[in-house]
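Asker: Protein sequences appear in the order of chains A and B. For my numbering, count along the first sequence from 1 and bump the result up by 1. For my numbering, count along the second sequence from 1 and bump the result up by 1.
Source of the hints: derived by calculation from the structure; they are not laboratory data. Be aware that one or more of the hints could be misleading.
Copies of the same chain are indistinguishable here, so a pair counts whether it falls within one copy or spans any two.
[To be verified] In silico DSS-like pairs for lysine-lysine, Cα to Cα no more than 25 Å straight-line:
id: 1; residue 1: 119; residue 2: 239
id: 2; residue 1: 377; residue 2: 332
id: 3; residue 1: 123; residue 2: 239
id: 4; residue 1: 187; residue 2: 239
id: 5; residue 1: 304; residue 2: 377
id: 6; residue 1: 28; residue 2: 289
id: 7; residue 1: 55; residue 2: 326
id: 8; residue 1: 327; residue 2: 352
id: 9; residue 1: 286; residue 2: 64
id: 10; residue 1: 150; residue 2: 44
id: 11; residue 1: 333; residue 2: 181
id: 12; residue 1: 119; residue 2: 174
id: 13; residue 1: 339; residue 2: 327
id: 14; residue 1: 332; residue 2: 239
id: 15; residue 1: 181; residue 2: 166
id: 16; residue 1: 150; residue 2: 64
id: 17; residue 1: 166; residue 2: 377
There are 2 protein chains.
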Amino acid sequence: MKSTVTPWEVKGNINYDHLINEFGLQKIDDELLARIEKYAKAKGMELHHLLRRKIFFAHRDLKWLLDEYDKGNKFFLYTGRSPSGHIHLGHIFVWQFTKWLQDVFDVELWFQFPDEEKFLFKDNLNFQDIDHYLNENMLDVIALGFNSKKTHFLIDTMHAGIMYKQALRVAKKITFSTAKAAFGFKRETNIGAIFYTSMQAVPAFLPSFLANKNIPCLIPHAVDQDPHFRVSRDVITKLGYYKPSSIQCSFMPGLGGIETDGKMSSSQGSVAIYTVDDNQTVKRKINKYAFSGGKDTLEEHRKHGGDTSVDVSYNWLLFYEEDDKKLLQIKKDYESGKLLSGELKAILIEKINEMLNKHRIKRKKAKNKLKDYIYKI
Amino acid sequence: MKSTVTPWEVKGNINYDHLINEFGLQKIDDELLARIEKYAKAKGMELHHLLRRKIFFAHRDLKWLLDEYDKGNKFFLYTGRSPSGHIHLGHIFVWQFTKWLQDVFDVELWFQFPDEEKFLFKDNLNFQDIDHYLNENMLDVIALGFNSKKTHFLIDTMHAGIMYKQALRVAKKITFSTAKAAFGFKRETNIGAIFYTSMQAVPAFLPSFLANKNIPCLIPHAVDQDPHFRVSRDVITKLGYYKPSSIQCSFMPGLGGIETDGKMSSSQGSVAIYTVDDNQTVKRKINKYAFSGGKDTLEEHRKHGGDTSVDVSYNWLLFYEEDDKKLLQIKKDYESGKLLSGELKAILIEKINEMLNKHRIKRKKAKNKLKDYIYKI
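All chains should be modelled from the sequences, with the hints used to inform the complete structure.
Answerer: Listed below in structure tokens is the structure:
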């Protein structure tokens, strides 16, 4: 199955090495990992498991960013969430990693909620629904524990008073032809969708504009968002700001399997697990839907073992089980046939429910903290 | 010379009857004029000379608007100015007429300053220059004497916090294909310019949105802006609001002559007279540049008289000399050869300078009134 990776559609079994070439990214090599590890160690922390496991696998200008950091020129982080549904496990790990970066480097985070994006790209979505999910999604982000003093939510329609003018500076430098080539627009694409990428570019330089000084920017994001930044990087330098650096992760597969369901996406029909799913729902979904790498019969499984490369439960543990030793043991046991598919699923279910139970407690408390996070204009 | 009429370019000798057909407008007929006159008389006012002289010559749905008014369903007015230079005489008369409408019907006016439009459509214009002219232009508008309690300035980049979200509702319903057909966009058109018409649509329903009730809208505007409203009228009804009504005027010619310079436009090279021009400058410009309908020699002029149909001075008096009797006398005298071109120019110079001298006094006082006019968010 041929794969497709655009900001609005991810399909098929994705070849990430191919994407690196196609998008013009740099692979994160061991030297760079060792360098990042040093910053973590200095804070008494380990290299993040998503880096150790190369789930964050590519970057642009990260070495330059760290050179600037070493000179005392701190960067800020920029990531985001386009609200149109509940947060699921395919989102959470990117922001957990972003929080880790905030902690290691002690930097500001600008978190964009482009509440117009899905409105413009989905026919049947209205602002009432989006506003509902915007509010829900903000609670999830706050629950992840970002430093409220250093984290600023930008909501496109709410903050248009400071963002729209900056977006126009970007828009003036992007021709229809360029946008069409990057995003595949058609004659029937609406004119808001064509303009939208200008708004996604803004948080990459708005902090510099507001502070009236040039501040480096690091964008952690899933690789499907890359076309936006590919287009805006050059424009942003033309406006007099640093080219934003970025660090890209691969997708967490949907429960249906890696080959058919390369990215968990509720809108594309895959079965996702949401932060609002209770323990029973999590258990039911994983037991019912998680594609298994196990053998057809108990006998065969005991004899030949399971295949971790296609097993979704195992793959999800790559994202959420931080302990390398535990994970290695699971891998060995599963591949040897000692661990059965049902048992592997039980491990995942416990892990996820433990995480979500804690998350939901923090999420409840987040309601009172919204005003601390939303950027004040 | 073939004429061109788009929001960004007006060229050649314009056939207004042809435009009525091409744009699908209604001609303002005598019955409608008589009806408008009644409202004016009720306020002790005369029918406006720009209506008497059919300079405001076309409309959309004006009869419907007046029917609603008669039922007690008051409309609001919406007009605007895209800042990129000083205000000239080709602008002033539209707003004088708009003020007359405000006074006759005692209605709210929403005055848009789309400060991004020229930024997006002119390569070499930056926001610093636009901000300068925005401020200058607002003073001119205030100086015209609009009721400060019923007049609200909307500045697109400043009011994007309330306008952008509404513009998105419009944008979602306009395809690239439609925008291209209406505005002639090309591959190299920037994506901000493509989006822009959505922002120009907003003031036509924003007052309804803010008041949470459907209020009819009347847009007085020069006919070159019609493509915007042709596109947005249908969209606005799809959003649940009344189709905006409009009333269109023809252009005041540039000093260079009606046939070559159908619309006074500083950006298109015609010689314009600005509100900031002093008496000597006005005198010099008119004497030097105003295309004359007079004959080549004094003898011939006395014998055959001048041609008012091409004489720019006479044509300008159509816009700014309110007194029909005076104007008719001037026409007779000029066509009979009694009045010489220099004398006709002297009449115009006096008329314009008298108006601008008063205007500049009010303009000076306007600086303290800005906060009363700019809409508070």
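Asker: Treating 25 Å as the Cα threshold, decide for residue 150 and residue 64: within, between, both or neither.
Answerer: Classified as neither; 27 Å inside a copy, 58 Å across copies.
Asker: Given a CA cutoff of 25 Å, do residue 339 and residue 327 count as a within-copy pair, a between-copy pair, both, or neither?
Answerer: Result: close within a single copy only, 15 Å intra versus 107 Å inter.
Asker: Checking residue 119 and residue 174: alpha-carbon separation at most 25 Å within a copy, between copies, both or neither?
Answerer: Both: 24 Å inside a copy, 14 Å across copies.
Asker: Classify it for me, residue 286 with residue 64: is the Cα-Cα distance of at most 25 Å met within a copy, between copies, both or neither?
Answerer: Neither, since 41 Å and 62 Å both go past 25 Å.
Asker: Are the CA atoms of residue 119 and residue 239 at most 25 Å apart within a copy, between copies, both, or neither?
Answerer: Between copies only: 20 Å across chains, 28 Å inside a chain, cut-off 25 Å.
Asker: Which holds for residue 166 with residue 377 at a C-alpha limit of 25 Å: within a copy, between copies, both or neither?
Answerer: both (17 Å within a copy, 18 Å between copies)
Asker: Quick one: residue 123 to residue 239, C-alpha cut-off 25 Å, is that within a copy, between copies, both, or neither?
Answerer: between (32 Å within a copy, 17 Å between copies)
Asker: One pair to classify: residue 333 and residue 181, alpha carbons no more than 25 Å apart. Within, between, both, or neither?
Answerer: For residue 333 and residue 181, the Cα distance exceeds 25 Å both inside one copy (48 Å) and across copies (61 Å).
Asker: Is the C-alpha distance from residue 55 to residue 326 at most 25 Å within one copy, between copies, in both cases, or in neither?
Answerer: within (17 Å within a copy, 87 Å between copies)
Asker: Should residue 332 paired with residue 239 be assigned to within, between, both, or neither, using CA atoms and 25 Å as the limit?
Answerer: Classified as neither; 49 Å inside a copy, 57 Å across copies.
Asker: Could you place residue 304 and residue 377 in one of the four classes (within, between, both, neither) given a Cα distance threshold of 25 Å?
Answerer: Neither: 62 Å inside a copy, 75 Å across copies.
Asker: What label fits residue 377 with residue 332 when the C-alpha limit is 25 Å: within, between, both, or neither?
Answerer: neither (48 Å within a copy, 62 Å between copies)
Comparing the model with each earlier hint shows violations of hints 2, 5, 6, 9, 11, 14 and 16; every other hint is respected.
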